[in-house]
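Going letter by letter, the sequence shown gives residues 1 to 135 in this note's numbering.
Where hints are given, some of them may not hold.
[To be verified] DEER-style ranges, computed between Cβ atoms:
1) THR123 <-> ALA66: 49 to 59 angstroms
2) TYR101 <-> ASP55: 42 to 52 angstroms
3) ILE131 <-> THR97: 41 to 51 angstroms
4) ARG3 <-> ASN120: 38 to 48 angstroms
5) ILE130 <-> ILE45: 53 to 63 angstroms
6) HIS103 <-> ASP69: 26 to 36 angstroms
Simulated from the structure, these hints should not be mistaken for laboratory data. Here a beta-carbon is modelled for each residue, glycine too, at the ideal position from N, C-alpha and C.
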Amino acid sequence: MLRTAAPDTQRQEGALYVIDGNIFADNDENTNATISVWGTSSRAIADYQPGDTADMGDDGRITLQANGDYRLENDAEFSGSRGERVFVTAQTPPQFTINNYVHILFSGSTTDSMAKAFFNTLTVTIPATIIPIVV
Numbered sequence: 001m002l003r004t005a006a007p008d009t010q011r012q013e014g015a016l017y018v019i020d021g022n023i024f025a026d027n028d029e030n031t032n033a034t035i036s037v038w039g040t041s042s043r044a045i046a047d048y049q050p051g052d053t054a055d056m057g058d059d060g061r062i063t064l065q066a067n068g069d070y071r072l073e074n075d076a077e078f079s080g081s082r083g084e085r086v087f088v089t090a091q092t093p094p095q096f097t098i099n100n101y102v103h104i105l106f107s108g109s110t111t112d113s114m115a116k117a118f119f120n121t122l123t124v125t126i127p128a129t130i131i132p133i134v135v
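Work out the full structure, taking the sequences as your base and the hints as a guide.
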């Protein structure tokens with residue numbers, strides 16, 4: 001679920017109030033994605049194809065392109081503090097990072113650290129080694 005830009009970014013074009021932009025850029029997402037289907041409700045996330053225009057009732061009409069560009073227009077001024085919700089299904093290229101390794105090796109949290117794993121291993125291996133030797 002992504003949101004369009006907030007109503008305070010609207011501008012008037014003739015008789016219409018318009019908000020436009022890129023749904024990915026507005027939400028700090030990967031802009032290399034390609035939308036295959038989208039919707040305006042969590043119950044119907046695949047109602048529209050890229051390029052289709054959805055009627056959102058009192059909230060106007062939205063057209064969403066495959067690259068994430070959208071145009072939201074309404075006869076009345078947009079109100080509220082947040083943009084409209086849009087549910088998209090998109091393909092994105094993989095992003096290869098080392099974030100998981102950094103988290104496990106250096107986080108210092110009590111549940112996800114290599115130090116805790118090391119001491120847990122010692123807790124098992126030392127008794128398992130020494131007890132058979134003593135017996």
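Next item on the list: Report the numbers of all earlier hints that the structure fails to satisfy, in ascending order.
Entry: none
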